[in-house]
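Chemist: Here is how the chains run, residue by residue.
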Amino acid sequence: MCLSVPAKILSIEGEMAQCSVGGAIVEASLQMVTAEGIEPGDYVLLHTGFALQKISEEEAHVSLNLFNEFEDFNIRLDEEEKADRQYFG
Amino acid sequence: MQYIDEFRDREKIISLVNRIRFESRKPMRIMEVCGGHTMAIHRFGIPSLLPGHIQLISGPGCPVCVTDRRFIDHAIAFSRQPDVIITTYGDLIKVPGSSSSLEREKAARADIRIVYSILDALTIAKKNRRKKIVFLGIGFETTAPGTAAGIIKAQMAGLFNFYVLSAHKVMPPAMSAIIQQGVPINGYLGPGHVSTITGSAMYEFIPDKYNMGVVISGFEPLDILQSIYMLVRQHEANQPKVEIQYSRVVRPEGNSQALELMNEVFELRDDWWRGLGVLPQSGLAIQQKYADFDAEKQFNIEIEPTREDKACICGDVLKGIASPADCRLFGKACTPTDPVGACMVSNEGACAAFFRYRKTAAE
Ligand code: SF4
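Top to bottom, those sequences are chains A and B.
Numbering of the first sequence is given in numbering that gives the first Met the number 0, commencing with residue 0 and proceeding in unit increments.
Numbering of the second sequence is given in numbering that gives the first Met the number 0, commencing with residue 0 and proceeding in unit increments.
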């Protein structure tokens with residue numbers, strides 16, 4: 000029941016929005032996020048019929064970029080390991 | 000789907016795991032206090048990715064699991080009243096009460112309806128003006144604002160046949176009780192959805208008072224691993240603090256509109272938690288000004304004496320001092336289809352998550 004899922008806003012009518020959750024269409028109240036200026040196309044976190052927060056695209060990309068850095072670090076580690084192996088034969 | 004697949008990338012998971020292995024030296028016990036995390040951790044097999052000295056333990060984060068058996072008995076007593084329709088989230092239906100469950104009452108013809116949202120319960124109240132609609136309100140700060148919104152809507156629409164039985168709770172008192180009761184942990188994986196509402200400031204007392212870090216985490220594998228990594232770094236540097244990993248959803252200040260709703264309708268009271276006992280100012284009662292909608296105040300009915308199953312160690316599991324595997328009923332007398340304790344009922348319960356995903360892992 001604590002299940003909260005990202006949902007894409009399809010259309011808005013008054014306080015209610017039609018959202019898509021993994022292909023399924025559900026209704027949600029935007030009552031708690033009116034201050035966020037939600038528009039169709041935005042993603043929100045949905046919980047028991049209410050949008051709890053707008054999902055920030057910018058922040059999502061900050062996180063994803065960070066993961067890329069970890070990947071770079073990993074490649075570097077691999078290379079160092081290879082170099083070590085060559086050095087020590 | 001957007002913001003899900005990207006956070007499950009295999010290559011990135013491997014590199015993050017390597018990074019954790021590279022930097023972590025000191026043994027660590029990390030507790031998650033959100034049922035959604037418990038489920039995700041087991042589903043994605045996170046424990047098997049971590050070095051042996053980092054242990055993940057489940058805490059009291061499943062609202063169904065920590066709820067008093069008396070609440071279920073209360074709901075069952077309501078369902079036996081004439082003209083009452085019980086509306087509830089699906090998770091509660093199988094939870095055993097002292098001598099019955101809502102599922103059994105439903106089979107015995109009680110009018111019990113599963114709803115996804117309190118808004119659906121209001122629709123039922125509108126269509127059945129002659130009946131009394133009782134909504135079972137459980138959940139933490141994530142869910143309580145919705146219940147508050149529902150009560151306010153009922154008042155505005157003059158739906159005086161609508162009642163809420165509240166077992167809503169707030170998370171911080173449980174997080175301090177865990178530490179005070181001596182459960183050995185070194186940091187918290189902070190509850191992502193609770194924090195969406197509350198923000199991060201309410202956890203500041205944990206590093207301040209207990210010298211322990213809190214990282215508010217998302218629910219995808221990369222989110223959880225990154226949060227663990229952040230906790231590892233804090234722990235290695237001996238610099239505990241509150242950090243937000245789940246920044247695409249959680250703002251430091253939370254959601255003030257939701258908090259306003261919650262504060263308008265509810266007030267804090269002492270409440271009982273399975274495993275932890277009575278915690279001061281940890282439950283949410285409906286304020287007097289909304290007493291018309293408070294099922295506790297509007298119905299005067301007798302509830303049977305509460306009986307607990309002695310063999311169920313769910314309380315210790317919720318406190319993080321026992322694993323579901325330590326329970327002698329686990330997987331034998333107690334399974335998700337025929338649960339003995341609440342921890343086996345909800346998908347977010349530690350016993351249910353353990354049962355479902357350990358089994359698939361073994362296959
Ligand atoms: S396995 Fe069942 S009986 Fe055992 S602790 Fe978990 S819920 Fe209780």
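Check the hints yourself; a few may be wrong.
Result set (DMTMM-like, lysine to aspartate or glutamate): computed pairs, CA atoms no more than 20 Å apart in a straight line [what the hints assert, rightly or not]:
| # | chain 1 | residue 1 | chain 2 | residue 2 |
| --- | --- | --- | --- | --- |
| 1 | A | K7 | A | E35 |
| 2 | A | K7 | B | D4 |
| 3 | B | K208 | B | E235 |
| 4 | B | K152 | A | E26 |
| 5 | B | K125 | A | E14 |
| 6 | A | K7 | B | D82 |
| 7 | B | K152 | A | E57 |
| 8 | B | K152 | A | E12 |
| 9 | A | K7 | A | E26 |
| 10 | B | K125 | A | E26 |
| 11 | A | K7 | A | E57 |
| 12 | B | K93 | B | D67 |
| 13 | B | K152 | B | E5 |
| 14 | B | K296 | B | E5 |
| 15 | B | K240 | B | D207 |
| 16 | B | K131 | B | E5 |
| 17 | B | K131 | B | D291 |
| 18 | B | K125 | B | D291 |
| 19 | B | K131 | B | E307 |
| 20 | B | K126 | B | E102 |
| 21 | B | K331 | B | D315 |
DEER-style ranges, computed between Cβ atoms [claimed, not checked]:
| # | chain 1 | residue 1 | chain 2 | residue 2 | range |
| --- | --- | --- | --- | --- | --- |
| 22 | A | N64 | B | S255 | 26 to 32 Å |
| 23 | B | S255 | A | E57 | 19 to 25 Å |
| 24 | B | P26 | A | R75 | 24 to 30 Å |
| 25 | B | Y356 | A | L65 | 37 to 43 Å |
| 26 | B | E252 | A | E26 | 26 to 32 Å |
| 27 | A | N64 | B | R42 | 39 to 45 Å |
| 28 | A | N64 | B | R69 | 25 to 31 Å |
| 29 | B | K309 | A | T33 | 48 to 54 Å |
| 30 | A | L65 | B | P251 | 15 to 21 Å |
| 31 | A | E57 | B | K130 | 46 to 52 Å |
| 32 | B | E303 | A | E57 | 18 to 24 Å |
| 33 | B | Q154 | A | S19 | 29 to 35 Å |
| 34 | B | F298 | A | A23 | 21 to 27 Å |
If you are wondering where the hints come from, they were derived from the structure by calculation, not from laboratory data.
Note that beta-carbon positions come from the ideal geometry of N, C-alpha and C, so glycine has one too.
Chemist: Give a verdict on every hint.
Modeler: Quick rundown of the hints versus the structure:
1. A/K7 to A/E35: holds, 15 Å
2. A/K7 to B/D4: Status holds; Cα separation ~15 Å.
3. B/K208 to B/E235: Given that 20 Å is the threshold and the Cα spacing comes to 19 Å, the pair holds.
4. B/K152 to A/E26: holds, 17 Å
5. B/K125 to A/E14: holds, 19 Å
6. A/K7 to B/D82: Since the Cα atoms of A/K7 and B/D82 sit roughly 39 Å apart, the hinted pair is violated (cutoff 20 Å).
7. B/K152 to A/E57: violated, 34 Å
8. B/K152 to A/E12: Holds, at roughly 18 Å.
9. A/K7 to A/E26: holds, 11 Å
10. B/K125 to A/E26: Measuring from Cα to Cα gives roughly 18 Å; hence the hint holds.
11. A/K7 to A/E57: Cα-Cα ~16 Å, so holds.
12. B/K93 to B/D67: Since the Cα atoms of B/K93 and B/D67 sit roughly 14 Å apart, the hinted pair holds (cutoff 20 Å).
13. B/K152 to B/E5: It is violated: about 38 Å lies between the C-alpha atoms, which goes past 20 Å.
14. B/K296 to B/E5: violated, 49 Å
15. B/K240 to B/D207: holds, 8 Å
16. B/K131 to B/E5: violated, 46 Å
17. B/K131 to B/D291: holds, 12 Å
18. B/K125 to B/D291: Distance of about 16 Å is within 20 Å: holds.
19. B/K131 to B/E307: With Cα atoms ~29 Å apart, B/K131 and B/E307 exceed 20 Å; violated.
20. B/K126 to B/E102: violated, 23 Å
21. B/K331 to B/D315: This hinted pair holds, its Cα atoms lying about 19 Å apart.
22. A/N64 to B/S255: 26 to 32 Å: The hint (26 to 32 Å, Cβ to Cβ) holds, given that A/N64 and B/S255 are roughly 29 Å apart.
23. B/S255 to A/E57: 19 to 25 Å: holds, 20 Å
24. B/P26 to A/R75: 24 to 30 Å: holds, 27 Å
25. B/Y356 to A/L65: 37 to 43 Å: violated, 27 Å
26. B/E252 to A/E26: 26 to 32 Å: holds, 28 Å
27. A/N64 to B/R42: 39 to 45 Å: violated, 26 Å
28. A/N64 to B/R69: 25 to 31 Å: violated, 50 Å
29. B/K309 to A/T33: 48 to 54 Å: With Cβ atoms ~50 Å apart, the hint holds.
30. A/L65 to B/P251: 15 to 21 Å: With a Cβ separation near 18 Å, A/L65 and B/P251 satisfy 15 to 21 Å, so the hint holds.
31. A/E57 to B/K130: 46 to 52 Å: holds, 48 Å
32. B/E303 to A/E57: 18 to 24 Å: Because 54 Å falls outside the window, the suggested range is violated.
33. B/Q154 to A/S19: 29 to 35 Å: holds, 32 Å
34. B/F298 to A/A23: 21 to 27 Å: Given a distance of about 36 Å, which is not inside 21 to 27 Å, the answer is violated.
In this structure, the hints that do not hold are numbers 6, 7, 13, 14, 16, 19, 20, 25, 27, 28, 32 and 34, in rising order.
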